[in-house]
Structures are given as C-alpha cells and as structure tokens.
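Using the hints, position chain B against chain A.
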Amino acid sequence: MTAAPPRSARGAAVTTALLAPAGITVLGLVLVPLILVVRNSFASADAYGGVQGGYTLTNYQDLFEPIYLKVFGYSLGMAALNTLVCLVLGYIVSYYLAGRSQQRQMLLLLLIIVPFWTDFLVRTFAWINLLSPGGPVNSLTDAIGFTDGPTQWIPSQGASFIGLVYAFLPTAIFPIYASLRGVDNSLGEAARDLGCGWWRVHTRVLLPIARPGMLAAALLTFIPTLGVFVIPVLLGGGRDQLVGNLIVTLYTEFRNQPMGAAASVVLLVLMVASMAVFGLAARRLRRKTA
Amino acid sequence: MKHALDTVTAWLARGVIAFLYIPIVVVVVLSFNDSEVTYKWAGFSTRWYGTLADNTELLAALRVSAEVALISATLATVCGLLSAMGMARLARRWKTVFSGGLFLPLIIPEIVLGVALLSVFGAMGADLGMTTLVLGHLVVTLPYASLIVLGAYNALDSSLGEAATDLGCNPWQAFRRVTLPLLRQPLLAAWLLCFTISFGNIVMSTFTNGIGSTTLPLRVYSMLKGGLTPEINALGTLLVLFTLLIILGVGLRQMRQVLLGGKRG
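Residue numbers (full-length UniProt numbering), protein chains in the order written: chain A, 1 to 290; chain B, 1 to 265.
Isolated chain A (complex conformation) (with noise of 0.2 Å):
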C-alpha cells in the first residue's frame, strides 16, 4: 500500500521509525560483521584462540599450502559437477513438468516442495540408512548380483556427492520451471512441425527460454555446495573436504581466528567471481534476445 511519499519532518521521522529494525539489524550484524572478517583474516592468532592486531599476508600465504590448495581445488570440482548434474535433472524435471495440464502440475510442484522443506539433516542422514554395509541399497546391488556381501559405500566421496546433489537437486529445479512454465506447449509442437528434431527443440527453442532459469540455478548450486561442511562429515568420513569444512575446523578445531576468517574471504571472493561469471553470461543472454 503505497502512501503518499512524507513530505513534514514527522513523516521522514516514521519513515525511518519503520526503517529502523531491518536497518540496525543488515548494518550491524551483516555489513560490519562483513568489515570485520576482512579485517581480521589480516590479522594474527594469539595462543588462546584470540585475535591480535597488525596487518600481515601470512594468512593468506598458509592457504596457498598445498594441503589447503587441495580442498579449494576439490571444493570446486564437487561444486561444478553439482550444479552440472542439478541443471541437467533439474531441467528434465521442469521440461515434463512445464508439459502437463495445469492440475497435474500443481500436485507434482507439491510433491517437489516437500522434499525441499524436509530438515537438511533429515535428508543426510537418511542416506546413512540406504548406503549403510546391508542397507536397502546394499541387498539391492547384491540381489542384481552386482555386490556379494556387505559393501561398503560410507564414507566415501560418491557418498558424498549423492548426499549434494539430493541436497541441492529441489534447489535447482524451481527457478528452472519458473522460466519453463509460461511457454506455450504448442511453441514446441510448432518447432517440430517446421522440421525441427527433438534435439533442435531444446537446443534452439526451449533452453534459451529456460537459459535465465538454468543461470540462478546454478547460482542457487554453486555457492551453497562450497559452504557445505555437514555432508562430507556425515557420508564422506572427514577426509575430502569442502571449502566449508576448512572453515569450521580452522575456528572450532585450531582455533586460528584469523586464518579462518582468511578462507571465509576467499569463500567470499569466489561467490563474487562467479556472480561475475553468471551476470555477464545473463547480459550476453539479454543482447542476444534483445
């Protein structure tokens, strides 16, 4: 409800009255927090898990070790081949979605919903139970003929990869329906019958329009699957971590403040060259159809 814009002091007053909370809150507990991070991944560790001033590289310097290299470069590739595999399925899901009629598509948009408000928890550990040596996947693979006994398939990095991808695949499907939702389905009968194959209807008529979709999905994969540090623990052992397992065990385990607050501002980098990465690639997208 738009009310007329203040034009007395008593106006700009409520104004900012109604401001006031959102405002305090964003200001001093994300944007100076934020300063504070960067300032502090510059700074020193004293013995008892404090931080000490002075400005110094050595943090940055420590997680160019190998050892840390290691998990950036392992955190990346996880996070790609996550968001690779989300778009693809996720575009499936949204393609047979977008198809049916309008009361069918509202029954499997709350089947999709469900799974995604399930407490992230819930859905990690219900893995344990299907991969566990014995579990329901294990007599499976047995009865194919494909196991003999139990196996074992916790810990390990596929575990682990199955546990993001079952995290981040309802993620990834709503934005890419969102854009797939309003086409005409005659739009792709209308392709077909102008001679387009069944690749050339995707390729050429449908994926541009999902493109805007398919580019916040993998927004929406990306970023969070580098944060991630419950999902290694729980179904990869500890051993192959992600950017948000070093992290954590810089600041409860080490107790390294400033080295830890060093590898959040690289987190923090990264989501703002990717970020670049996906707004050009929207840009390019908006010339192209313009």
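Among the clues, some could well be false.
[To be verified] In silico SDA-like links for lysine to any residue, alpha-carbon gap of 25 Å or less:
1) B:K225 - A:R255
2) B:K225 - B:K95
3) B:K40 - A:F146
4) B:K95 - B:E67
5) B:K40 - A:A143
6) B:K95 - A:S8
7) B:K225 - A:A276
8) B:K95 - A:P150
9) B:K40 - A:D46
10) A:K70 - A:R283
11) B:K95 - A:S156
12) B:K95 - A:F146
13) B:K95 - A:V14
14) B:K40 - A:T147
15) B:K225 - B:V29
Simulated from the structure, these hints should not be mistaken for lab results.
Chain B in isolation, oriented as in the chain A frame:
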C-alpha cells in the same frame, strides 16, 4: 507425434521425483524397525519413539530450537512488515539501496555470515548463548520474511488505505483495521517459513551457540557422528511430519508464489 526421447525424459523425470522420496520413505519405515541396527528389518515396533521421548538431552535441544525459532521468526516477520511499510514511503533510489541491503544475506554464503557474527561477538566480548543464537537466526530469516511480506504489501491496493483515512481512520486505525487483516495470510506464511528455516538451521547455529544453548540440529549432528541409530530415524519421521504440517499451514498457493515468483526460495 510424440518423440521416443520425450518418453525417455518423462520417465527420467518421474524417476527423479521418486528419487527425491526414496530416502524420506526409508527414514519413516526404518523408524518403526524393531532392531538395534537401523537397516536390518526385525519387525514392526514403536519403541524408538519411546526412547526418543526419554532422551532428555534431545528434549532440551528441542526446547532451545523451538524458542529460538519462535523468537527469531517473530522478529524477522515484524522487521519485514515494518520495512515493507517504510520502503513504500521511500524514493525509488533509496528503495533499491535498502532492498539491496535486505537481500544481501541471501547471496552471501551462510557460513561466512556465521563467521562474521562470531567475530563481532568475539570483539564485543559477548557470551555466546540464546541471544547470539537468536540474532544469528534473525540474519538468516529476515531476507525470506522480507521477500514474502514485501511482495504481499506491494500487491495491496493502495486506495484501500486512503479510503480508510478518508472515512476518518487515523493511520494507526487504518493499519490495524485494514492493512493488517489483509496481510494476515502472507504474514502467517512468512512466519511459518522463518520458523522452519530457523528450526532446521545448522550452519549459523554452529557459530552462534554457546554452552547450554545447543539446538536440535546441532545435537543430532553430534549424535550422528557416533553413528546412526533408529532413534534418530524416529526423530526424522517426526520432522517430516512437521514439514507436512507447515506446508499445509502455509498453503500450496502461497508456497508456489514464494518459490517461483521471487528471487530465491
């Protein structure tokens, strides 16, 4: 004419949707398993729910989570409503700046937000506990609350408020009698969604909890490091039920709007 590949992708899509349910169904089924190990079926039993009810540590954590979620969801919804009303009074340029700040926590990795808050609390020498936990959860939930309330508020017909004022309502009465009742649905939706987000939050809680303020996800996480027990499956089943109730409470229409209409669900 239907292409063969259309049939293939349709089955793939159905497979993916089924894939989303297999783990959840397994948790529910195994929670009724009368066996010490989770995965070997040994008959139907509800005994793990009994064990769950006797676990005082878990119950204490449940209480912490419920309290934190209750307070932070309320704060986030109120802040969201107030800023929606305030933003309507701003010039376009300031509106952009303010909403940019409001949605900033959505794009910054949550783990960085947690680290950042911990740094501030550390610098201030604040004790970690309920207060810091609530503040952390407020940061995480505020953007979602704002997203929903802002959308609903902007969709309201502005002439309704004016009509109320013309008919002799003062601004407060117009708000109480016209705006608030019209916003009841979206406010409830925002509150419930924030409650769920806070209740299930683990990343922010890791950095902002203190002694005596362990939340349910933190407790479950540390239990899981020692191995999965049927008791945790029983808890998982209750949480799945809780999700269903929330979704029913919010309503499918509202949920669809949140997930498909806005920037991020």
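- Message: Given the hinted pair B:K95 and A:S8, is their Cα-Cα distance within 25 Å?
- Response: It holds: about 19 Å lies between the C-alpha atoms, which stays within 25 Å.
- 25 Å limit on alpha-carbon distance, applied to hinted pair B:K225 and B:V29: holds (22 Å)
- Pairwise hint evaluation, B:E67 against B:K95, where the allowed Cα distance is 25 Å at most: violated (33 Å)
- Pairwise hint evaluation, A:V14 against B:K95, where the allowed Cα distance is 25 Å at most: Holds. B:K95 to A:V14 sits at ~16 Å (cutoff 25 Å).
- Assess, step by step, whether the Cα of B:K40 is no farther than 25 Å from the Cα of A:D46, and give holds or violated. Distance ~50 Å between B:K40 and A:D46 Cα, so the pair is violated.
- Message: Hint check: B:K40 vs A:T147, CA-CA at most 25 Å. Holds or violated?
- Response: holds (18 Å)
- Proposed proximity, B:K95 with B:K225 (alpha carbon, max 25 Å): violated (46 Å)
- Would the pair B:K225 and A:A276 pass a check requiring their Cα atoms to be no farther apart than 25 Å? With Cα atoms ~38 Å apart, B:K225 and A:A276 exceed 25 Å; violated.
- Message: Would the hint linking B:K225 and A:R255 be met if the CA-CA limit is 25 Å?
- Response: Status holds; Cα separation ~21 Å.
- Message: Please verify whether B:K95 and A:S156 have alpha carbons no more than 25 Å apart.
- Response: violated (48 Å)
- Hinted pair B:K95 and A:F146, Cα distance within 25 Å: violated (60 Å)
- Is the hinted pair B:K40 and A:A143 satisfied, with a Cα-Cα distance of at most 25 Å? holds (16 Å)
Checked against the numbered hints given earlier, the structure breaks hints 2, 4, 7, 8, 9, 10, 11 and 12 and satisfies all the rest.
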